[in-house]
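Enquirer: Sequence:
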Amino acid sequence: MSRIHAGLDFGTTNSTLGLAPSGGANAGPRLLPVEGDAPTLPSALFFSFEDGKTHFGRAAVFEYVDGAEGRFMRALKSVLGSSLMEETTRVGRERLGFVELIGRFLAHLRAKLEAEAARTEAAGEGRIVLDRVVLGRPVRFVDEDDAADCAAQDQLEAAAKGVGFSDIAFQFEPVAAALYYESRIATEELALVVDIGGGTSDFSIVRLSPERARAQDRLDDILSFTGVHVGGTDFDRQLSIAEVMPHFGSGSTTADGKRRLPVWYFNDMATWHRINTLYTPAIARDIRALEREAAEPKKLARFAHLLEHRSGHRLAGAVEAAKIALTDADEASVVLREPGLAFEAETTRAAFETATADLVRRIGGAIEEALRQAGVTADAIETVILTGGGAQVPAVRAAAVSRFPGARIAQSDAFGSVGLGLGIDAARKFG
Numbered sequence: 006m007s008r009i010h011a012g013l014d015f016g017t018t019n020s021t022l023g024l025a026p027s028g029g030a031n032a033g034p035r036l037l038p039v040e041g042d043a044p045t046l047p048s049a050l051f052f053s054f055e056d057g058k059t060h061f062g063r064a065a066v067f068e069y070v071d072g073a074e075g076r077f078m079r080a081l082k083s084v085l086g087s088s089l090m091e092e093t094t095r096v097g098r099e100r101l102g103f104v105e106l107i108g109r110f111l112a113h114l115r116a117k118l119e120a121e122a123a124r125t126e127a128a129g130e131g132r133i134v135l136d137r138v139v140l141g142r143p144v145r146f147v148d149e150d151d152a153a154d155c156a157a158q159d160q161l162e163a164a165a166k167g168v169g170f171s172d173i174a175f176q177f178e179p180v181a182a183a184l185y186y187e188s189r190i191a192t193e194e195l196a197l198v199v200d201i202g203g204g205t206s207d208f209s210i211v212r213l214s215p216e217r218a219r220a221q222d223r224l225d226d227i228l229s230f231t232g233v234h235v236g237g238t239d240f241d242r243q244l245s246i247a248e249v250m251p252h253f254g255s256g257s258t259t260a261d262g263k264r265r266l267p268v269w270y271f272n273d274m275a276t277w278h279r280i281n282t283l284y285t286p287a288i289a290r291d292i293r294a295l296e297r298e299a300a301e302p303k304k305l306a307r308f309a310h311l312l313e314h315r316s317g318h319r320l321a322g323a324v325e326a327a328k329i330a331l332t333d334a335d336e337a338s339v340v341l342r343e344p345g346l347a348f349e350a351e352t353t354r355a356a357f358e359t360a361t362a363d364l365v366r367r368i369g370g371a372i373e374e375a376l377r378q379a380g381v382t383a384d385a386i387e388t389v390i391l392t393g394g395g396a397q398v399p400a401v402r403a404a405a406v407s408r409f410p411g412a413r414i415a416q417s418d419a420f421g422s423v424g425l426g427l428g429i430d431a432a433r434k435f436g
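Per the numbering used here, residue 6 is the first one in the sequence shown, and the count goes up by one each step.
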């Protein structure tokens, strides 16, 4: 029975498990469904104080958005290498260290892997090797601090070993994202890997070649690496501030025209991780008081509804849906209909691009910096590899590819290219 190897992409926003049989990419890598039929699992945990359970992924987000009492944690990867890793945090009656918290999330993924191992072996499809894994890591966990960067990898390795992985290798995420493409080239190429994630955007110039594909250490093949704290959620936020929040009172004045309403309420409502902080009696009273003063009280009444019905995240979901629709359409609607509120606002791709122009400019600047650090010009780039959900946004895609008119464009799996690449790498390293 053939052996199947696993790669685990523990991402800031989403995580995936890639599987590949011995023999590498040509044998057919695949992503393991890790939440229902979905191949991605949001990197989030919710410790419920109501039922005592720990919820993961979309279920964790649902509990948090639904207003359940508990502790919500996400983006744990960003804590690796920081001073917080030496501390504990209170979760209900317990105090847990961050290695243990990350371990609980990894244990959930390992349980999915074990269930798939039982299924594949029973079906005669192969034997998944459960004690070995290739983990992804950024080129730098921590900028300009080698000791902290090494500590971050050690901490992630400790968390993985704590849940049963005994033989652990690492691969750089931009290399992993390029591995599936690399397996299909005949000569050396210089590639720009563009990874637009949920919270950050990373750009790497990587040397790819059939000869180097099986090398254990690919650090020398990464000629440069840059990143900016711009991701998909920032595009959602700017679209909401520009096109949606004005319908809820942003930019309005008092009835006497003497002052504008405070903007921070609306900015927080447009920011996913700030929405729950608005659900307090004091803020509800403030908004009702502003409604009485406002020149356009109906707009403030809509905002009050969001607070009273905890509908902020549902509105954020509608904004994200409109953003996704604008990938293929020139117009889209932001729609939120529920008892007491029937809201619909039209927006356009042109308005979206105006609202997010500064974000796109910052992405373009990071690409220029990657070229500068690598000491190459744009015409030296032979391939641009796009990955991450944000790379689907037309303006972002244009910013990434317009500088390289002679390069071929390789569109990787938007959310799973790193996981697939890690699976390929695991089959090569352990096969």
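Calculated directly from the structure, the hints in this document are not laboratory data. Some hints could be false.
Claimed, not checked - Calculated cross-link-like contacts (lysine to any residue; reagent style SDA-like; alpha-carbon spacing at most 25 Å):
no. : residue 1 : residue 2
1   : LYS434    : ARG223
2   : LYS434    : GLU216
3   : LYS303    : ARG265
4   : LYS434    : GLU193
5   : LYS434    : LYS58
6   : LYS434    : ARG100
7   : LYS117    : GLY57
8   : LYS117    : VAL147
9   : LYS58     : MET90
10  : LYS166    : ARG109
11  : LYS58     : ARG100
12  : LYS166    : GLU193
13  : LYS434    : PRO286
14  : LYS303    : ILE329
15  : LYS58     : GLU92
16  : LYS434    : GLU92
17  : LYS303    : ALA350
18  : LYS166    : PRO44
19  : LYS303    : ALA334
20  : LYS303    : ILE288
21  : LYS303    : TRP269
22  : LYS58     : ALA112
23  : LYS303    : ARG293
24  : LYS303    : GLU351
25  : LYS58     : ARG223
26  : LYS166    : ARG115
27  : LYS58     : GLY33
Enquirer: Could you check the structure against the hints above and give me the numbers of any it violates, in ascending order?
Expert: Hints 5, 6, 8, 12, 13, 14, 16, 19, 25 and 27 not satisfied by this model.
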